[in-house]
Structure formats: C-alpha cells, structure tokens
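What follows is the residue order along each chain.
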Amino acid sequence: MTTTKGHDVPVQELDRVTIRFAGDSGDGMQLTGTQFTRTAAVFGNDISTLPDYPAEIRAPAGSLGGVSGFQISFGSGAIHTPGDAPDVLVAMNPAALRANVRDLVPGGAIIVNSDVFTPSNLAKAGYAENPLTDGSLSSFAVFAIPISTLNAGALEGLDMTSKQADLTKNFFALGVMFWLYERSMEPTLNWIEDKFGKRPVVAEANRRALRAGYAFGETTEIFHTRYVVPAAHLAPGTYRNVTGNEATALGCVVAARLADRPLVYSSYPITPASDILHQLSTYKNHGIKTFQAEDEIAAIGAALGASYGGALGATGTSGPGMALKAEMLGLAVMVELPLLVVNVQRGGPSTGLPTKTEQTDLFQAIYGRNGESPLPVVAPASPADCFGMAVEAWRIALKYMTPVVYLSDAFLANGTEPWRVPDLATLPDLHVADRDPATAFYPYQRDEETLARPWVVPGTPGHEHRIGGLEKLDVLGTVSYDADNHHRMSLLRAEKIARIAADIAPLEVFGPPEGDLLILGWGSTYGAIRSAVERLQARGKRVSHAHLRHLRPFPANTGDVLRSYGKVLVPEVNLGQLRTIIRAEFLVDAIGFNLVRGKPFGIGEIEAKAEQLLGDL
Amino acid sequence: MTEPTATAAAPVKLTRKDFAIEDPKWCPGCGDYSILAQTQKVMPDFGIPKENIVFISGIGCSGRFPYYMNTYGFHSIHGRAPTIATGLKLARPELMVWVITGDGDALSIGGNHILHAMRKNVDIKVVMFNNRIYGLTKGQASPTSEVGQKTKSTPIGSIDYPIRPLMIALAAEASFVARTVDTHIDHIQKVVEQAGRHRGSAFVEVLQNCNIFNDGAHRAFTDREVRDDRMLVLEHGKPMIFGKSRDMGLRLNGLHPEIVRIGEAGITEADLLVHDETSEDPTIHNMLARIYWPEFPVPIGVIRNVQRPTHDELVEAQIGEAVTRQGKGELVDLLGGGETWTVA
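Those protein sequences? They're chains A and B, same order as listed. Oh and the first sequence: position 554 is 554 in this note's numbering, straight run, nothing missing. Oh and the second sequence: position 82 is 1082 in this note's numbering, straight run, nothing missing.
Isolated chain B (complex conformation):
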C-alpha cells in the first residue's frame, strides 16, 4: 500500500485548474457554483498533493460537489457522509478529508452523525450549504426553513421551528465553527482556507441561495446594498463593529447582547465586545451563533477555533501506548493465547 502524507516535504505547486474536472450540472444561478469555484481556488494553498485530498458528500444538490473536484471523491448516501469520512480518517489519518453536505442532509437525516463526528473531534472539514429548503427533491421544507415558510410540503406555511446550525455545532463541541455566504467570494475563500488548516472537527455553514425553490432566502441581509449594515464580519482580536460607516457595534448589557452606535451616549470602541475565537468559554460563541437578522446583524466568519487532540491522534496514541506497554503483538501469541492444551 502506498503511504502518502498530506503534508509532503516538498510543497506541491498546483493551481485552481488542477482541481477542476467536469462542468457542474447545478441550476444556472445556483449559489453552489460560487462555493465550488472558491473551494477550487483555495485548494492549491494547502500545498497538499491532490491525491491526498478526499471530498465525501451525502445526498442533495450539495452531494454532487465531489464530482466536480479533481481529487478523490465519494458521493455516498443521505446524511451518512460523516460516517464514511470518520472511517476513512481512522484508516488513513494522513488524508485531508472534506464533507460536503446540506441543511437537510446534515441536520435532518444525518443529524446524529454530525453531532458525533464533531464531539469526537474527527479531523474532517464539514461544509454545510444552507439554503433552507430541499432543492434536489424539488422544494420541501428543511430543518432550517422558517416558521410560516410556504413550500411544496407546507402549502399553508411551515409550523416547525428552525434549527440554528451553528448552535448544533457548538453544542457538539466542534473545535472549529464558522459561517460564510455564497456571494461573498473573498470571505468564503478565507473561511474555507481556515477550516482546511484547522486540525480537528470543522463545521462551516455557507448561507447559500437556491434560486429555484427558495430564492432570496438570505437576501434581506446579504444583498450588496444592505450587507454591511446587516451582517457582522467577525475578526479574531477585533471589536465587533459593523455598518457601512463602521459606526455600529455589539456590546453586552448584563447577559444580553445589545446594538450600540459608536459616538452616541459616550460609547466608544472600548465598550464593544472583542472577538476571541480561541476562547475555551463558549458563552460569547453561543451568543454569536444564536443572534440573527432582523433583531441583530448576522455574524459571519470564524466563531470558534480551539485546539484539542483529534480522534485519529487519540486512536494512534492508544495503539502506540499499547505497543509500548505490551510489546508489538504477535499473531502466534494471540491465537495460542489464553488456556491451551496439546493433543499429541
């Protein structure tokens, strides 16, 4: 068997073109095109030979993503990509493994797997396209659809309260949690790259537009004219400032977040929350994962980025310790172990 390493000694110089393979077959105007293009663009930056990169997906429009990446790819079954990724990573820790999923795939049918892949800190990068609808099955309500949303399966409006995906990721103790938007090209690149460089479980929610079945789902705060005022771009170590004129901010009033205007009522930058993505205490991260338009600006960027040993590292460590303690196991001892007797 070949034993390649993801971080080859000599950095590999690849370009975006090396990662493109066939023309995508998504609907014209789909947000997925942008996510694909930016992912392909970021890939060469990792310096990893493309044969050591694997994209695994489930079912849904996002599930086609691996077909368009010139790496190893596995288009699996609905919701189960994290399980296959976990097994692959267990067998081959040196590979870089991405999971591409959607809101239905990750949070409905595959909800359990997301929880456990994250809490075990499996070293996989989950990119979840959230369009708040089932697209491939032609327009049913998804776990992130809004209350009252009219879809094919909820003709007079959905009665179900939506999941906040980042809350799930944080609750499951994902060690990297981020949000980005399909139309914010530079931002996606940055977030995908940071996720790729993170060691451990990464969960990235991409707010993605399905222009056929749920057009404009995120438009109220992502449109060019309003986005500066309605989204909060998080940067590690920086105060939480937003607004076209960079004059709005977020601060804590007791236990509650509050929007304030810098310069009014004596408020200065010093009063604002400063983003610390590395904070072990998740209180502020939880708050950022929860606040949303229209009450608050929608936070985008890396919300949480902490380090702890990964699942594959811990597995290898236990094996290493067992070998140190008991010696490398010999098959003859294993088979002839326990109580034996000899018949002549």
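Okay, chain A solo, but in the shape it has when bound:
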C-alpha cells in the first residue's frame, strides 16, 4: 500500500460527539462499536454507550429486522447518556440506513458502504429508489464509500475467500472513523493480536482492513474536516470501561470478599441477564461457584440453598424469569435468609421485547408475591453504579437477613461507561458477626436494632433447627398457626424492612433544595434526567434532580424532598409505577412522563417535558 502524507484538512474541536454504527446483525457492528469505545476510553474521554441488537441472532440478511446498532457518545465533559441523536451514522447496508436515519441530527453525517446499495438490498430494506442518488438525504452530509471493493483490494493476496475477506469490512469502516476523529489504531491493533494471534491470516486481514480504512480517510479528499474531542477531566484514579452486567458481577464478587464468604451464583439463561453468569463462570480461580440451573425456579432455589449453607447465594434473571421466581422469593422472605435477585429488566409483558430496555418490573419487585411479603428493592442508576449498588444490595441482605431485589435493565446491562476501580479499603465491612455462643439460640430471636434473625448454618453443633415456609412462632421459630402470632410476625417482617430507611443514604438533590420543579427518577433514566436538568439549570430554571437508588424502603427524607418543589415530574420507561407509589406513600401529586418504547429517554424529551410544565406554572 502506498503511503502518502495525506491531504491537509482543518481540525475542529468538539466537546461531545455521538456516533452510531449500524449494519446487519452479522456485520460485526457491536465489535466495531466496542473497539471505538475502548479507544475513546483509553484516550481519556468520558463515554457512554448503548448497543441495540435484534432478538434474532441472524435475521434475514439485509432486512430491517436484522439491523444491529451500537451508539457511543464521547466527550471532554461529563457524559451521562449515549446521546439522543447521533451526529454520525455509519450504515453498512440500506436496511441499516433506513432503520436509523430518522434518529440523526439535522445536518449529521452519514457514512455508507455504497457497494451494497444494490437493487435487491434496496428492495429488502423497502427502498423504492436509491436514497444515495434520489436526493432524499440532502439534509445530511453523505459519504458514500465503496467499502467492500476497497477492502477487498486491501486484502488481495491473502489466503482467504472473498466472502471471508468481506467479513473484515467493519474494520475498514472503523479505520475511517479513527482517522476522522484523530484516534490511534494501537488499542485495536493490540486487540487483533490478542484475539487472532494464533490465526495469522485472519489477524493480517483485520489489520489490513483497519489500516486501509484509516489510509482512505487520509488520502481521499471526501472529508473536509477532522474532529478532535479532548480528554475529559475525570477524578484521579485507575479507570476501566464496564457494562452494567460486568459491574454487577464484580460487585457480587467484592461483596463476597468483604463478607469473607463464598459466592454462589445460580442462573438460567435469559436475555439480557446471561452475561452476568458468563462472566462469573470465568472467575473459578477466585473460588466463585456458578450453577446453570434447569429453570428459573431451580436457579433461585439453589441460590437460597447456598445462602442457607452460609454462602452469598445470588441469582439473576429478567422479567419473565422473575415471574417464575416469585414463590421462592416469598420463601426467602419467610425463612429470612440473605439472597440477591438481580432482575435485568426488558420489555414486557410476557416475552415482550427481549433485547430492549424497560422499567416495567418495579411493581413486580415490590408487590409481586402472595401474602404480606416485604423486601428491599434497589436500583443502580448507571452502568458503573451497578458495582456500588450490588455491594449495597449485599450490605442490606446480610445485615437484615433478607432477600433483596436489584433492578437493573437492558440499557444499564449492555451500556458502558468508565468506572473508577475502587480502593477496597473504602468499601463497607460486610462481615456478619458471629452470635455469642454463651447465649441461648432461638432461630427467630431478632437483633434489637435490625430485627434480623441469627444466621446459624448447618454444621453448627447443638443448634439443629428447622425452618420453612409455614408461619413461624415469634422467637422460637417453630410452626405456628396462632392468629395473634401471625399478625405480630407480619408486622415484624414489615418493620424490619422499614427500618432500613434509617440506614441508607438520604435522597440527594442536584440543584437548589427547593424550586419550581423536581425531576424524580430511578434506575437508568439517571443520565437523561441529569443532562436535561443541567441544560435547564444553565438557562436559569429552578429545576432539581433527585434519583432514587432505594425503592423500598425509600430514603427517610424522600417525602421532605418531594414537598420542597412546586411540581414533581417522574419520567419512567413504564406507565407510571414509581409515580403511583409516590402518590400513595407521600400524597404528592406527582406528574408522570411515560414512554414505553423499549428505549431510553432522550435528554431533549425530558427537557421539553420540563419546559412544558414550567411554562404552565
């Protein structure tokens, strides 16, 4: 390949860019996006990403249903979301263009592989005319590059079929993007060596594709500007990029170490939770035990059995699996053993939208069991926050001897952001104190402060006892059908969970402590709400943001915070579940903003809704 100095193009500095890579689900768009993300992260940008992939592993090639996307937003300031509208769309085929073009910012850039805009591919995507030539994209900057042809040329002479060679065209596109944003190819070249080192031809093909894309940017004159996004000012420390599922898994491992007990993670494959099982199953040399159960019920049963034996028993699932686990969760409430149930929420009801995000399982988490069956519910707010909230969930489970439901969602699970690797010394001590062996043992004698019962595990001499799902006699723990005892035990179980409110961080407010509008969120809406509130505040609006990480019980000051604002807006990716609870518990006339589309809120949507409410004041 000839090397040239490249044409001289002006460089423009930007504080934030959002790129969406889209193609067939077999085009390697997730990988392309991940490589761009790693490069941006290592460079020092703050980042946030969101993959968007279809439920079908390989929908018909070229069809709209088979389009897979990956969006990254990176910047020199704080990045809270993967971005509303992409500035740049990389579309590897007509279907990817058609499925994504409407999301692009006006005037945004489109980079397409023009080789595949054939009549048959256009027909599959539902285009009557070629959009590259019919003028329909005139409001965008379109860069039509014959990627397949150029890539095939770059790989000429390698011992591979043209079909195999074509599989690397995503790296050609990646190379173009690296050039456009002045990024080093080094991290990806290293990755290629790690991944394909043992298959030199494949490694060489990917290297050539990447470099050819970069060189294309440099030598051709179709791009008139390059862009640079300076590094962000993150707090000092060592960082890595994590998905929510990775952070959740790491949080569980760390919690087990902080408690000095083994971790047993038991799960049944389900999207989008399976990656937690995959990840933990690679930690065998850390003593982590994983169990792929025969079904969702067995998964939580084995987790509870492990907790009964003194381990940290955890299970992970998504909504449909959560429905199956409900009865065992009720048993865990009755036998008062620590247990973590991770629900990575997805679109419902039923099978719903398996790969899309939603916040529709809040009612299920809080109320979805028979009987008076209270348990704590927590929700992380961002991918990196999953780590801290997993540790927090375990802190509560172990201190209060209770199952805890941890509500993540597909957006958090698959999205990424930089995570500052914590100093273990700053994390809470999760040791469960041994009970005083000199005192008499009763299975349901409670700690005066926490109301937790003692965790006396099989193998403890002299304390043989029986537990189970039947109502227990207060203190003694034997079976009791007594009416007054049942009432007392119901109150005790409720009180135990209620007392956690005094033991969790108060609800923090971002912005003035009182004002015209409070936007209250929970879970993955954090980034969009925070960004919207930042913009509103910058325009002088009296708007604040409060984000609930504890949904049962609520932080003790929640009512006071809610009553300090003229209006309370609750954006949720459901039809108003938190809002309903807020209204019931605090008699605050909260206003809902609810979009159930299987995708996160855009910043602009929340901003516009807030403006509308402020305008009505």
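It is possible that some hints are incorrect.
[What the hints assert, rightly or not] Here are the simulated DSSO-like cross-link-like pairs (lysine-lysine), alpha carbons at most 30 Å apart as the crow flies:
id: 1; chain 1: A; residue 1: K198; chain 2: A; residue 2: K124
id: 2; chain 1: B; residue 1: K1328; chain 2: A; residue 2: K284
id: 3; chain 1: A; residue 1: K195; chain 2: B; residue 2: K1244
id: 4; chain 1: B; residue 1: K1152; chain 2: B; residue 2: K1190
id: 5; chain 1: B; residue 1: K1328; chain 2: A; residue 2: K198
id: 6; chain 1: A; residue 1: K541; chain 2: A; residue 2: K609
id: 7; chain 1: A; residue 1: K399; chain 2: B; residue 2: K1328
id: 8; chain 1: A; residue 1: K609; chain 2: A; residue 2: K599
[Stated by the list, open to error] From the structure, some residues in chain B lie toward chain A, with a derived Cβ separation under 8 Å:
id: 9; residue: G1047
id: 10; residue: E1051
id: 11; residue: P1066
id: 12; residue: T1071
id: 13; residue: F1074
id: 14; residue: H1075
id: 15; residue: S1076
id: 16; residue: R1080
id: 17; residue: L1136
id: 18; residue: K1138
id: 19; residue: Q1140
id: 20; residue: V1306
id: 21; residue: Q1307
id: 22; residue: T1340
id: 23; residue: V1343
[Stated by the list, open to error] So these bits of chain A aren't anywhere near chain B, every CB distance computed over 10 Å:
id: 24; residue: G44
id: 25; residue: L64
id: 26; residue: A78
id: 27; residue: P119
id: 28; residue: D159
id: 29; residue: V228
id: 30; residue: S307
id: 31; residue: P422
id: 32; residue: R446
id: 33; residue: M489
id: 34; residue: R583
id: 35; residue: K609
Because the hints were derived from the structure by calculation, they are not lab data. For every residue, glycine included, the Cβ atom is placed at its ideal position computed from N, Cα and C.
Given chain A's structure and the hints, the job is docking chain B onto it.
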C-alpha cells in the same frame, strides 16, 4: 464460618433417640410413621454428627418429615426441595443432604428438578413416598394414581396413565435407584442405609400407604400373606428368586422377562437372571423398574448402584484446576483487569 466435615475423624456414637424431636402429626396409621422411625434408627450408623445432616422437603404429608428429625431441616415449597438441596450441596459439599418428597411433589410439580438433580449426580438422597394420591390436599389423583382410580378430582375414574417413578430416575441417570415398602421395616432400614452411603444422586421410592385417601394402594402385593409370592426382593449377585417356597424365578426369554418355576421343565437356578446392581448397562435395571404386579412380582431393593463423579466433586475440581492453571485469583487483578487507564 465453621467448617465441619461429614465424616468426622472420631466416629460419633448416637442413638435413634438423638434423632427424634417432636411427636409427628400425621394421621394415625399413616405409613410415614414407619419410614420416619426406620430413618431415625439408621441415622446413627453413618457415624456423622447430626449437625452435619440436613433434611429438605417440599409440600405434602412427606413435607413435614424434617420437623420430626433432630437435624438441620428445611421445609420448603412444592416440588423445589431438590433445588435448595443442590445449592446447599454446592456451597457445603461436606454436608449429608436428604430430600424427602412425595409422588405429587417429586413427579408432578417438581418433576423437572428431580430429573436434573439426578442427571447432574448431585450428592443428595431423595426419598420419595409414593402413596399414589394427594393426601395433604385431601385426595386428588396424583401422577402415580392408576387409570380408573376414583378420587376427589376424578369422580368417575382417572383417565391418566401413571408414571413409573423408577423409570424416571433411571432415565435421568440417577446413580442409585431403589424401591422399598413402608411396612417392611428391615428392608427400609437396609435401603435407606445403602442410599445414605452412596456417593451421588440416590433415588428411593418407598411404597407408602395413605390409609385415609388411598388405603391399600399397595396391599395386593405387600400384605403379609401374599408378599413373598408377589414381590421380588433383589440382592446384588443373587439370582432373582421369589415365592414363599423360593421356587419362582425371573429369566429372560429373548428380550422379555418371564416367570418360571424352578424344577419345572428342567429349569434350574442357573437359568435365572442374576441381579447386578452395579452394571453400567441399564437394560435389566430398566426392566426391573418397569415390571409390576399383577403381571410380575414387584421388585424391591437396590436396582442400580453405580459410581461416577458427583456434581460437587466436579465443581470443586474445576475450581482446583483453575487455581492451579491461573493461580489463586486476587481481587485487585480482577477489578483492575482488562484495559485500564489512569487519570492523574
């Protein structure tokens, strides 16, 4: 955490009384009393401290069993005891874990769990009380009820073909499969003890009488007067002989089992099938699990008893290998692993 071992160095001398705790609350005359008494009697023989023994049950009359054993016990939910037992065994391989279940609990609502606990060779001992009826819910047809059986839920007779429990256990590759009868006191003791000593998944069907809702379900072949002629007591390495006068036997005619009389038509003991509970080939075990009164005598005893690594052993082995290969994992490496960058 305490780290006890099931097989303590110094054998513990316990008696049946050490394992009794409260008076059972089953119906007077229930077959469960006998199973409980014989289990309590056998327990001291294992030499295991009782704190290292756990009984886990599901729902049904059998589900109350753990309350009457002075060991650790967990009365869980319908059909799910094997799942809890599996998790417990995963966390604490050194414990001796029993699962007490019934025909409805194990084969209907919990059918899936039985299959998988067995096929994974989880080191648990499943004792299934088979009374061919739902007793605790007062008399509905169970998965082992007979065709035509009149119950509260099948007033003009059940139309469902019954499950043969031991066929399920064999199909799931349980490494120990046995059958016994509530009224055969010595036999239960022997079978329970063998199950307890087996390493791996054990499945024991106890033919148990519910004298309230399905009285006499097994009487046709278990009654004292007829049992010798109508049941085949299996013994490893011995020919399959039965009958009051020990003159009846089982042999293979081609691929089919056949009852023959020793001494008639030149038949001798040498013509009979010899029971081999350790045979890897399950053909004869399948046959024994399938034949039943009135066509054949009902086989009781250990049908299959083979060795293969248990689930917990395999889990521990993988962890051990990973530590050998990669070194014992350090948390700092795990957290700071992958691609990191430093912000000063």
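Hints, verified against the model:
| no. | hint | result |
| --- | --- | --- |
| 1 | K198/A <-> K124/A | 38 Å, violated |
| 2 | K1328/B <-> K284/A | 9 Å, holds |
| 3 | K195/A <-> K1244/B | 73 Å, violated |
| 4 | K1152/B <-> K1190/B | 36 Å, violated |
| 5 | K1328/B <-> K198/A | 27 Å, holds |
| 6 | K541/A <-> K609/A | 13 Å, holds |
| 7 | K399/A <-> K1328/B | 29 Å, holds |
| 8 | K609/A <-> K599/A | 17 Å, holds |
| 9 | G1047 | 15 Å, violated |
| 10 | E1051 | 5 Å, holds |
| 11 | P1066 | 5 Å, holds |
| 12 | T1071 | 5 Å, holds |
| 13 | F1074 | 6 Å, holds |
| 14 | H1075 | 3 Å, holds |
| 15 | S1076 | 6 Å, holds |
| 16 | R1080 | 5 Å, holds |
| 17 | L1136 | 12 Å, violated |
| 18 | K1138 | 17 Å, violated |
| 19 | Q1140 | 20 Å, violated |
| 20 | V1306 | 22 Å, violated |
| 21 | Q1307 | 23 Å, violated |
| 22 | T1340 | 5 Å, holds |
| 23 | V1343 | 5 Å, holds |
| 24 | G44 | 7 Å, violated |
| 25 | L64 | 34 Å, holds |
| 26 | A78 | 13 Å, holds |
| 27 | P119 | 43 Å, holds |
| 28 | D159 | 31 Å, holds |
| 29 | V228 | 18 Å, holds |
| 30 | S307 | 8 Å, violated |
| 31 | P422 | 7 Å, violated |
| 32 | R446 | 20 Å, holds |
| 33 | M489 | 16 Å, holds |
| 34 | R583 | 34 Å, holds |
| 35 | K609 | 35 Å, holds |
In terms of the numbered hints stated before, the structure departs from hints 1, 3, 4, 9, 17, 18, 19, 20, 21, 24, 30 and 31, listed from lowest to highest.
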